[in-house]
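Could you use the hints to bring the two separately framed chains together as a complex?
What follows is the residue order along each chain.
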Amino acid sequence: MYSIIVVPPPTTEAERNAPQFHLAPGERLTFGRSAADNDLAIAHEGVSRAAGVITAQSAFWVLSNLSSSQTYVVENPEGAGEHIKVGPGRLDAPVPFEFSRIVLPAAGDLLPIEVWAPRHDYLRSPGSLDGATTAPAFSVDRTKRYFAVLAALCEPRLRGEPHAPIPTVDQVVDRLRPLWPSAGRTTVQWNIDYLAVKLRLKPGPDTADAGPRLNGKKESLVSLALRFDLVREDDLVILTAPPTRSGR
Amino acid sequence: MSDPYAVQVPKGYRVGSWEVREPIATGAFGSVYAARRTGPSDNLPSDDLPSDDLPSTAALKFLPTGTHTPRQLTHLRELAERELELLSRLRSAPRLIRLYETLTVDDPAHPELDGATVLVLEKADGSLAALLSRAPRPAAGPALLAQICEGLAQLHRAGWVHGDLKPANVLLMEDGSARLADFNMAAELDGTHAYTPAFSTPDYTPPELLWAEIGERGRRIRPSADIWAFGVLAHLVLTDSYPLPGGTPSARRDAAVAYARGTDELRLSPRLPDIWREIVRDCLARTHQERITGEALLRRVESAAGTARSARVPRRPVRGGRAVLGAAAGVVAVAALAYGISAIANDGGDAQEPGAKRTAKVSAARYGASELRTDKGVPVAYRALIVDSAHDCVQAPVTPGLIAAMLKSESNFDAQLSDPAMDEYGIARWTPRVLRYYLRSDGKPTAKVPEPPFTPAQSIPAMSRYLCAIVPRLRSGLDGDEKVLVAAAYRTSYRKVNDAGGVPPKVRAYADRVAHYLKEYTPPGKK
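Chains as they are written, first to last, in the UniProt record's numbering: chain A, 1 to 248; chain B, 1 to 527.
Simulated from the structure, these hints should not be mistaken for laboratory data. Incorrect hints may have been included.
As a list, the in silico DMTMM-like pairs of lysine to aspartate or glutamate whose alpha-carbon atoms are at most 25 Å apart [to be verified]:
(1) K217/A x E82/A
(2) K11/B x D106/B
(3) K506/B x D419/B
(4) K217/A x E424/B
(5) K217/A x D235/A
(6) K496/B x E161/A
(7) K448/B x E188/B
(8) K496/B x E219/A
(9) K217/A x E78/B
(10) K85/A x E45/A
(11) K448/B x E295/B
(12) K496/B x E188/B
(13) K506/B x E424/B
(14) K85/A x D141/A
(15) K217/A x E22/B
(16) K217/A x D419/B
(17) K217/A x D92/A
(18) K519/B x D423/B
Keep in mind the model is a prediction, meaning the values are calculated, not measured.
Just chain B, same shape as in the assembly (with noise of 0.2 Å):
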């Protein structure tokens, strides 16, 4: 690790249609650098996305997942797929940093390049770190920490943890304005925990973290962790001092640690208004049950800087919502959306549908057509649930043509299907007490197990959602087709199949229907 940056990348170097210019920063996983947009190159679809989408200059955050990487870095595919799904599951919250589209670089002449993953994200203007440096106490201060609580409570609202809230994480737009970036240690909520790897930034650790016992699954972390961070960090902002007394990180994480334990008071500075004081000494409570929530919180800062309230942030709509048929501006917005998610899915190599693009003139009948055949009997009322819902995931497998196989194989399209013997119902068969868990698109389980029957509109988006969940988990090395596998995996469970090594016996003839399906369904030469 003697180089100073993670990844090295040429200036001028070419990925996609991006030049990479001057590096911006580095951290311990990966490395940015500024770049300007030079038109279509070779080897991505270039008239596919209205070209107004993206913009002139972007941020390129490499992550060194290739396999010929020169250390085995077996945390950073997982690290980045954290940020991947994260930035691509909230793509509408306007606190958090913009993700255009990822790229994977296909370039074996330079294999320490070859593989990475390639976010292209919006370019700020510096980080809140760099400003403080700058103009410690700055005048927005309060307006930038509203903002940031805004980004946070947008974050936990849809099931996410943060995990390293720090200056360094919180950038500043050319207006001024604070967006929350940098989600590698981002961790879904899985219940009331989330986990996270266990990496950490001393001062913006939570004491019940310092030194905390570390699981299989890697550290259990809860929403209260960022409550914790956003305290030191409006202290920070506020006063230009930690709120926990010492000169070095680890003089500090001892206070912390003596504060925890009730040995010690804390003491905030004596600069910091009153009405910040509440706030920040109810981020820094004790223990995590003490600690004001996201919500609560959102009000009190915004009261206390004086900001108008945040406008609430839509919840994603839920596809149901819509016509299926797509009023234009809905399939419009998913389009863009999907832009970024199939370039992965294709390596940035092959040519995008044409469906994507043209979506506000194109027929229902021929939506998505260069990802699932149109003269193959798949009911044009499912092909725009199934075309969306399969983008909505960023795992390569999930593609349109092994949902609409997957929708086949289960129900034969059948809506209306209700298997009370088996408690399955729907197009998808879904089980309630499954379907609970998938239902919403933020990730959260519904407060109650859902009662059939289920629409369409509900039951092939939580299809994409589960099938997208199961991916990671299947173990590599199993025998089979990956897609083949994912859907042996819905049918049982990922253990089930990991601990087979490949399909159970059990569901093989549904395997095989799906194969089949699968096969006629996918447009010659889709993968």
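Only chain A is shown next, with the shape it has when bound in the complex (with noise of 0.2 Å):
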């Protein structure tokens, strides 16, 4: 029943499996550099002992900055510089984005902390703000882009071939590349994994301690989203053009 995820800021040790924190709405996160009074310790010495509160709320979250002194910066990755200051003292400041990035200035370093919010709802038809409307159970924001990679997973099999193989991620790369020239093997890895989050895949039996079966990962997804209609063949559109990043 979780709304939000926080990712700690990367340490050198252990990466991989930094613990993720799942927030379900009303569930409150501290963090700061003392470990004994935080949820989350960041060992730093230039961030406060009590730092700040992420207290999800809803399918957003808000954020308390409880340093004296320091502006804390929340991002938007994928908002072209899109972002908000939450001062020294202000509390509970809501954050509207799906990705965050909170960055802790701390003694000339520059700490993100990752806050995703996956349960944002979108708009996907006319008239359906409607309470009581059967509505699908997920839904994705059409110009982020771990839709333009759910759309070139499934851009095979929606332009005609019911059985075609689903794309590697290479293939996704070449893909998307002329609109998306950073992209790489990690973030498109990055946003497959996170489509699975975002559309509540069921890790299948197989996939619980051999670490994740990728093909199984791509196939679930693809075969959710195109029985959900999640992605459409006038959706392939965003692989040739430029994805617009206004309105919405």
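Okay, here's the thing in structure tokens:
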């Protein structure tokens, strides 16, 4: 039932195994230098002992800046510089981004805490704002990079071949590079992993221990997306035209 | 999706014997139009059903399942099939909206309509949603709730979950009684769970399904999800407010999450009468295990509403309970049922079997003669069972000819067959542990593995049910005749057939026999 995922700043050791924090609406996560008083301890001299609080509210989250002098910046990594500033002492500032990066200035370093809000709702069709409408249990932002990745994965099947093989990560990178020059294996893979979280893909029985089986995950994503019409044939234009960053 | 109507049908459009009138409602997946009966039409048989069985007006629900619809709405076909299968199988449940017939639009000139599935449904006066917006807290509220609860109990008893209970899906008839409708999300229980597509109406979704994981088969759902929805609906009908606080669906969703996590209490409206407060509270228990079950709920709702205890709905009679040669009344009922089903099996195209129409007079030897030849040695005693069982299945490939060909190939119509070495018994060579899942007409497994001998009256309807379950599970593009593939899957499994991409070599000989008799038993000109 969580709606928010907090990814701690990368540390030198055990980067892969860093825990992620899942917050349900109403749950709080405190962060700061003091390991005793915080849920998320950030061992850096430049960070306040009690630096801040992240609280999940519905599908979004609010940030409290508990430091006495530092302003935190919350960036939208896909927002072309879009950001908000949360000044010292500001409590419960709402953050509207699906992806966010809290940048903590710490004695010359900038420490990023990533916060994902995968449960944001997006309008699918006109007239569906009414609360009593039967709606798909998930929605996607068609302007986000994960949607471009999903569209690229679905493309062969949408173009007519119902049993076409799913593109490899490298093929997706090649397909997306004209529109997204910095696309690379890691970023595409990150988006695939995020889509699995976002679409709440049930981990297959055989993926629990042996690490993620990449093929299975892509295959499941594509069949889910096509089954529920998350990507339609007319969405494939985003693979040919530069995605619009304005609007929505 | 800029079009407000999911399916636009021009006024005056003809489908079967129906003429489309004004639009009634639209959902995300289909649109409903009023229609009036215009009498016989060219492309549908008109004389098969006693004319008084079809009303003069009906509601036509168009589901855009055609292949030329502008979008690839693959899940729509699945949704349409769910609704169709449920309504076809639960026709006798009086609190569910009645399905008269199903048609497939055959109209290449209108590509957006061509191939659409049309459900011809009982026309209602309005919905509970409309009533509540017009007159909140209706005086008839408790009585309506009792009827809604009765409908849910009928569904659950038959092994189905509605999955999308809300005021818009409760229809009110001319006499003011309530019926459940809109079974797109309904799902048949598979053990204790069913799988539904991942769609929901947030205000009526139990907290354990909010943001629940979604697997390959969709979302797991239990009957307790309907019970939660009923609790919300009862609160709304009786107090004109939702049980969970908040001005928007997402605020109420958060309240539901907080309540389910135990961080908040349930605070029901003080307007709720005490007896209903307890009922709503038991429906809205935090976890699905704590929620009241359908039968217990029905008893309490009926006592709270002061309505007479509803007559127990008789389960669909097991075919075996009826004399094989058919008491007239029983056969007429089946004929009405078969009408809708074979209308879709034949794409509404060709002539209907006269057997279904004049069943009261027809002799057993001629029963279903238009679909199953009378001169090729199909034993007369089994004709009615074979024909009726095939008609009980909505899937086009399951025909009387197929069932007869399979019985011939399985056992040479030997009802006494007993093959302990293979663990197969009876006319359909049923394996007891498999038969268990298909023996009951309501789709629930029997409590214990049944023990042979199995009578034809048990074996043949169960065979049809199993075949009916196989058809949608075979993937498209397999090599060979669909009916023969279904038979091969009956002998092995649908997985083996899918894996082999056609008839597995091991059952080639069996499949050839079925193909041979299928041809022999099917009258010329029939598919």
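Consistency of the hints with the structure:
As the CA atoms of K217/A and E82/A are separated by approximately 31 Å, the hinted pair breaks the 25 Å bound. The suggested pairing of K11/B with D106/B holds, with an alpha-carbon distance near 17 Å, which does not exceed 25 Å. For the suggested pair K506/B and D419/B, the alpha carbons sit about 19 Å apart, so the restraint of at most 25 Å is met. Taking the CA atoms of K217/A and E424/B, the gap is near 40 Å; set against the 25 Å cutoff, the hint is violated.
The suggested pairing of K217/A with D235/A holds, with an alpha-carbon distance near 22 Å, which does not exceed 25 Å. Proximity of K496/B to E161/A is assessed by CA-CA distance (about 23 Å); at most 25 Å being required, the pair is judged to hold. Distance restraint check for K448/B and E188/B: the Cα-Cα separation of roughly 20 Å lies within the 25 Å cut-off, and the hinted pair is therefore satisfied. At most 25 Å may separate the alpha-carbon atoms for a hinted pair to count; K496/B and E219/A meet this at roughly 21 Å.
Taking the CA atoms of K217/A and E78/B, the gap is near 23 Å; set against the 25 Å cutoff, the hint holds. Using a Cα cut-off of 25 Å, the hinted pair K85/A and E45/A holds, with the two alpha carbons roughly 22 Å apart. For the proposed pair K448/B and E295/B, the alpha carbon gap of about 22 Å is at most 25 Å, so the pair holds. With a C-alpha separation of about 24 Å, the suggested pair K496/B and E188/B falls inside the 25 Å cut-off, and the hint holds.
A distance of roughly 18 Å separates the Cα atoms of K506/B and E424/B; the hinted pair therefore holds under the 25 Å criterion. Our distance criterion of 25 Å between C-alpha atoms is met by K85/A and D141/A, whose separation comes to about 24 Å. Straight-line distance between C-alpha atoms of K217/A and E22/B comes to about 46 Å, which puts the hinted pair past the 25 Å bound. Restraint check for K217/A and D419/B: the C-alpha separation of about 45 Å exceeds 25 Å, so the hint is violated.
Annotation: proposed proximity of K217/A to D92/A is violated, straight-line Cα distance about 36 Å (limit 25 Å). A C-alpha spacing of about 29 Å is found between K519/B and D423/B, which places the hinted pair above 25 Å, so the restraint is violated.
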